[in-house]
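Sequences listed follow chains A and B, in order.
Under the numbering used here, think of the first position of the first sequence as 1, with each following residue one higher.
Under the numbering used here, think of the first position of the second sequence as 1, with each following residue one higher.
Certain hints may be false.
[Claimed, not checked] Taking lysine to aspartate or glutamate pairs in the DMTMM-like style, the calculated list, with each CA pair at most 20 Å apart, reads:
| id | chain 1 | residue 1 | chain 2 | residue 2 |
| --- | --- | --- | --- | --- |
| 1 | A | K30 | A | D129 |
| 2 | B | K81 | B | E65 |
| 3 | A | K265 | A | D244 |
| 4 | B | K81 | A | E96 |
| 5 | B | K81 | A | E66 |
| 6 | A | K130 | A | D52 |
These are calculated hints, taken from the structure and not from any lab test.
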Amino acid sequence: MKIAVASGKGGTGKTTISTNLARVLSLAQKTQYLDCDVEEPNGHLFLKPRIDKTAAVTIGVPAIDENKCTVCGKCRSICSYNAIVALGNCTLTFPELCHDCGGCFRVCPSSAISEVRRTVGEVETGRADKIDFVQGRLNVGEVLSPLVIRHVKKYIQPDSIAIIDAPPGTSCPVVQSVKGTDFVVLVTEPTPFGLNDLKLAVDMLKTLNLPFGVVVNRADSGDRGVFDYCSSELIDVLMNIPHDRKIVEAYSKGELAIDVIPELKPEYLNLFTRIKERI
Amino acid sequence: MKIAFSASEQSVDAPVDARFGRAHYFMIYDSGSGEWQQVENSPNLNAVQGAGIQTAEMLAGKGVEAVITGHCGPKAFRVLKAAGIKVYTGFTGSVSAALAAYQSNELSEISGPDVEGHWQ
Numbered sequence: 001m002k003i004a005v006a007s008g009k010g011g012t013g014k015t016t017i018s019t020n021l022a023r024v025l026s027l028a029q030k031t032q033y034l035d036c037d038v039e040e041p042n043g044h045l046f047l048k049p050r051i052d053k054t055a056a057v058t059i060g061v062p063a064i065d066e067n068k069c070t071v072c073g074k075c076r077s078i079c080s081y082n083a084i085v086a087l088g089n090c091t092l093t094f095p096e097l098c099h100d101c102g103g104c105f106r107v108c109p110s111s112a113i114s115e116v117r118r119t120v121g122e123v124e125t126g127r128a129d130k131i132d133f134v135q136g137r138l139n140v141g142e143v144l145s146p147l148v149i150r151h152v153k154k155y156i157q158p159d160s161i162a163i164i165d166a167p168p169g170t171s172c173p174v175v176q177s178v179k180g181t182d183f184v185v186l187v188t189e190p191t192p193f194g195l196n197d198l199k200l201a202v203d204m205l206k207t208l209n210l211p212f213g214v215v216v217n218r219a220d221s222g223d224r225g226v227f228d229y230c231s232s233e234l235i236d237v238l239m240n241i242p243h244d245r246k247i248v249e250a251y252s253k254g255e256l257a258i259d260v261i262p263e264l265k266p267e268y269l270n271l272f273t274r275i276k277e278r279i
Numbered sequence: 001m002k003i004a005f006s007a008s009e010q011s012v013d014a015p016v017d018a019r020f021g022r023a024h025y026f027m028i029y030d031s032g033s034g035e036w037q038q039v040e041n042s043p044n045l046n047a048v049q050g051a052g053i054q055t056a057e058m059l060a061g062k063g064v065e066a067v068i069t070g071h072c073g074p075k076a077f078r079v080l081k082a083a084g085i086k087v088y089t090g091f092t093g094s095v096s097a098a099l100a101a102y103q104s105n106e107l108s109e110i111s112g113p114d115v116e117g118h119w120q
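Using the sequences and the hints given, assemble the complete structure.
Put into structure tokens, the structure is as follows:
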């Protein structure tokens, strides 16, 4: 079972929900936590895993043999990412702009292009107590987060409950993270910003035709906008987390909320039950 | 010889655009005929990535031999250098004043990029 935890707005509590949910579930069943927020993975701060393996994520970029290149410009024409320039007397490549489509290798009539592997990120795997821990990390300055996310998701085991911690927003990395999951938990906060971005995330999930429900964090603060929207759109509010100083203090120390406030455990189990009912 | 000036409007009185890859227009002066050519840079201006690279390639394709602009980043500079185009940066006045400064050898050619990529 694959459950993604996403949000429109950043900082609403995706990592809080996904790490606590993973920990609670891992006490009774085989559980994975996969951090797909590859530009800034932070689940490790709370789960404190032991990393056993690091695998590089690489792409194939073109290297041009100047002796064979006739500067015909075919590779340049097929490149949608402006990674190749054909001047009158030479062909230049910009590997940092390449998206690894493979087009240039195929269209070169003189076999002048060979593939060089370039590292853009990594996937780390290990254990956090009973949790099978996986996290992706995109190298600074790189842009191919969806690729790193795809590599993270390759570690999903069909016999586990996989909790996927998605990046914020509604763009390609989020789509890549939630794609193929059985259910998406949208974490929001009861503020105008939370509501605005929740609507965007709901539109995205409706387009992707994925089942979803909402968790409202700091539910007793802010205003009623998120709740009114959910009830008028018939969206399930699966869980309300109160604005509790103890939760914030635990978070600031990198502790899991359920370890500090054990009464939260049944709340998370109830969240899981409600998700299962929908799948 | 053709000399290209990045320009914020299609006029020799317009200021030299500080940006190279995402300049709105290029004014190209042909010293042989004394004529000006105006080039809209909108396809490159709106490129998701590689605007400087594409702009440099476009100018090379037009036979330009010198570029006068505000700043030039590393990727654009690499293409301009490979194409044998001389690059002069840091000019802030009008295109016509830049041409006059160029013709009286007041501009100095750069030997490397003068800014990082995506500087603005």
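Tested hints:
no. : hint              : result
1   : K30(A) / D129(A)  : holds (11 Å)
2   : K81(B) / E65(B)   : holds (10 Å)
3   : K265(A) / D244(A) : holds (15 Å)
4   : K81(B) / E96(A)   : holds (19 Å)
5   : K81(B) / E66(A)   : holds (17 Å)
6   : K130(A) / D52(A)  : holds (14 Å)
Consistency note: the structure conflicts with none of the earlier hints.
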